[in-house]
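J.: These are the residues of each chain, in order.
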Amino acid sequence: MNSLALSIDGLTVSFGAFKAIDNLSLTLDYGEIRAIIGPNGAGKTTLLDVITGKSSPRTGRVTLSGAGDLLAKSEPEIALSGVGRKFQKPSIFEALTVRENLRLATRARERSIFGEMVRHLEEREEEKIDSVLDTIDMVDADRRRAGELSHGQKQWLEIGMLLIQEPKVLLLDEPVAGMSDDETERTAALVKALRGPERALVVVEHDMSFVEEIADLVTVLHEGRLLVQGDMATVKSDPRVIEVYLGR
Amino acid sequence: MFDQLFSPPGSATRPAPPVAPLALLLAFLGLASILSGWTGIGPSPYFLNLIGQVAAFGMLAISLDLIWGYAGVLSLGHGLYFAIGGYLIAMHMVKVSYLLTSTPPDFMLFMGWDELPGYYAGLEWFPYTLLLIITISALVAFIFGFISFRSRVSGVYFAIISQALVYVAMLLFFRNDTGFGGNNGMTGFTEILGQPLGERATIAGLTGASLLAAAMALAVASRVVRSRYGHMLMAIRDDEPRLRFLGYETLWLKLGVWTLSAVIAAIAGMLYVPQVGIVNPRVLSPELSIEIAVWVAIGGRGTLVGAFLGAVLITTAKFILTAIAPDLWPFILSLLVLVVVVALPNGLFGSGETLRTRISQLATRRAARQAEGART
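In order, the protein sequence lines correspond to chains A and B. Residue numbering for the first sequence is 6 to 253, as defined by the numbering used here. Residue numbering for the second sequence is 51 to 426, as defined by the numbering used here.
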């Protein structure tokens, strides 16, 4: 019933002799929230780098439904074809206001510099910004400089910028790192609210209780390979997972 | 330590000083200067000339602020584009006087050349010269920018490469066999657009043109930075990868403003050289290029107004102090740079809120200490 959103096939990424990702194959379906976990160096962030065009693999294919092979595209092209990525450290434009940040995210196609200079947002786009502000619970903050926001708000703003783009695949790299318990809880609620039939969510995270709360399916990576995949209960009780996390 | 050079100026919470009043004032002064040239009433030619030179430097500072203050790209080689404008207008004036006197300038006679080299063809025509100034500066900037930005060279590395480029150009222009006057440069200009350069009316006209051009540069730059494109530039300064991953090819965005900045700098050079009456490879020395960055840093990055006023302040101080105490000038300048970097990272004209915030921070801390004292 679920349709395929993203498929990764036989992916190998190496840095010199080191294989960060080793012949990895994965699929993501629309409507799911997938957590990718694994010890440090398992290749989680490298995987996100390859999907978004930041790193190039040695072999393999990454296919987005309706957009074809992502590996042939540049970073901005991949973003425009529907892959949104939230960075680990909050990445927002500090000198601009919250609304101005969100306005910059309303890019749906290529435009010339002169086109951008005279462009005013359509009413539809401003309405979309309002609704995203509502989703990330920052309606009152829309005129504030992004640089003044708290750590949690910065993270939500960045997620908001991605939501404006209506991505088919939304990748969140450690969204709750450095957050207070309260902020983590609100982020979990936000991530769950982002689930939709036209979107696949991927969360890379170390916080296991957060993962347990949000994820439908957990993929465990270890040394660049897929170790185990299943729901959190299965994964938690798998002896191989316990071994890589706790060591021998 | 270097981060401060590229990060957004300070907290960036304070709105930039408004550009319109300064642009209007400059336009008014420009028209007044032209009027003063026609009527013969007004300040001395020496004073007018000084204002004109300072205005050209102010325009140069605006060009640097556009890329450094907004897009976060620090160029320590902007003298290159200034020199392109300066050398081409000098070639124009040399060609015009060659046609009048049929004698090549001294620097060519010394080389044993009895006529101007081929690339002086057509330069007696001012619109062609202006066209060349714009296209050559834009082309050089585009090529250099394309190579650097495409290879993701940024920050300190870009600054160093831009400086190396201006240094290479200086070495090239020091050569006597290039037809650009070698180390002595070009001088002895007699007229521009048919007007004798020594006359007050011409001097006032050049001053007026410089003031009007500076006003226009301010207006254009301010239009650019307040547009959606301007927001993209600030986004590049704050977090370029984030903007790329939102679907923007930042290469073209940076190249656009970089090229615009180079053209503004070249026009400033075109206005400057007829006013000082000489152009030589010293405009290509790293010192001038660094000084431009100092004007912008002292005035306040990312404000346009601050950059212009910084240039006015420092060049005026330099005119005065190098006359009174030439030995002290480097020390005074270095001291100013230190004070600005340490105490006023937003620059003199961009520091309003920072100072106020600092004072209020101090006040809060004091109140907290007092409260603490009262409790114990």
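Just so you know, the hints here were simulated from the structure itself, not pulled from any lab data. Yeah, the Cβ is synthetic: ideal placement off N, Cα and C, and Gly gets one too. Certain hints may be false.
To be verified - Cβ-Cβ distance ranges computed for the label pairs, FRET-style: (1) VAL392/B / VAL144/A: 35 to 41 Å; (2) PRO93/B / PHE119/A: 38 to 44 Å; (3) ARG124/A / ARG202/B: 44 to 50 Å; (4) VAL387/B / PHE20/A: 37 to 43 Å; (5) GLU153/A / GLN420/B: 40 to 46 Å; (6) VAL389/B / ASP27/A: 35 to 41 Å; (7) ARG419/B / GLN93/A: 36 to 42 Å; (8) GLU128/A / PRO93/B: 37 to 43 Å.
What the hints assert, rightly or not - Computed footprint of chain B on chain A, listed as stretches where at least three residues anywhere in the stretch have a Cβ under 8 Å from a Cβ of chain B: (9) 114 to 124; (10) 137 to 148.
J.: Quick check: does the Cβ-Cβ distance between PRO93/B and PHE119/A fall within 38 to 44 Å?
T.: Distance hint for PRO93/B, PHE119/A holds at roughly 41 Å.
J.: If I claimed the Cβ atoms of ARG124/A and ARG202/B lie 44 to 50 Å apart, would that claim hold in this structure?
T.: Violated, since ARG124/A and ARG202/B (Cβ atoms, about 27 Å apart) do not stay within the stated range.
J.: Quick check on a hinted range of 37 to 43 Å for VAL387/B and PHE20/A, using CB atoms only.
T.: Holds, since VAL387/B and PHE20/A (Cβ atoms, about 41 Å apart) stay within the stated range.
J.: Verify this for me: three or more residues of the stretch 137 to 148 of chain A with a beta carbon less than 8 Å from a beta carbon of chain B.
T.: As far as the stretch 137 to 148 of chain A goes, the hint is violated, because 0 residues have Cβ atoms under 8 Å from chain B.
J.: Holds or violated: 37 to 43 Å for the Cβ distance of GLU128/A and PRO93/B?
T.: violated (54 Å)
J.: Do the beta carbons of VAL389/B and ASP27/A sit within 35 to 41 Å of each other?
T.: violated (56 Å)
J.: When you take the CB atoms of VAL392/B and VAL144/A, is the distance between them in 35 to 41 Å?
T.: Given a distance of about 40 Å, which is inside 35 to 41 Å, the answer is holds.
J.: Does the Cβ pair ARG419/B, GLN93/A satisfy 36 to 42 Å?
T.: Between ARG419/B and GLN93/A, where Cβ atoms are some 38 Å apart, the hint holds.
J.: Apply the coverage criterion to the stretch 114 to 124 of chain A and chain B: a residue qualifies when its Cβ sits closer than 8 Å to a Cβ of the chain, and three qualifying residues are needed.
T.: holds (count 6)
J.: Take a look at whether the Cβ-Cβ distance between GLU153/A and GLN420/B falls inside 40 to 46 Å.
T.: violated (27 Å)
In this structure, the earlier hints numbered 3, 5, 6, 8 and 10 are contradicted, and the remaining ones agree with it.
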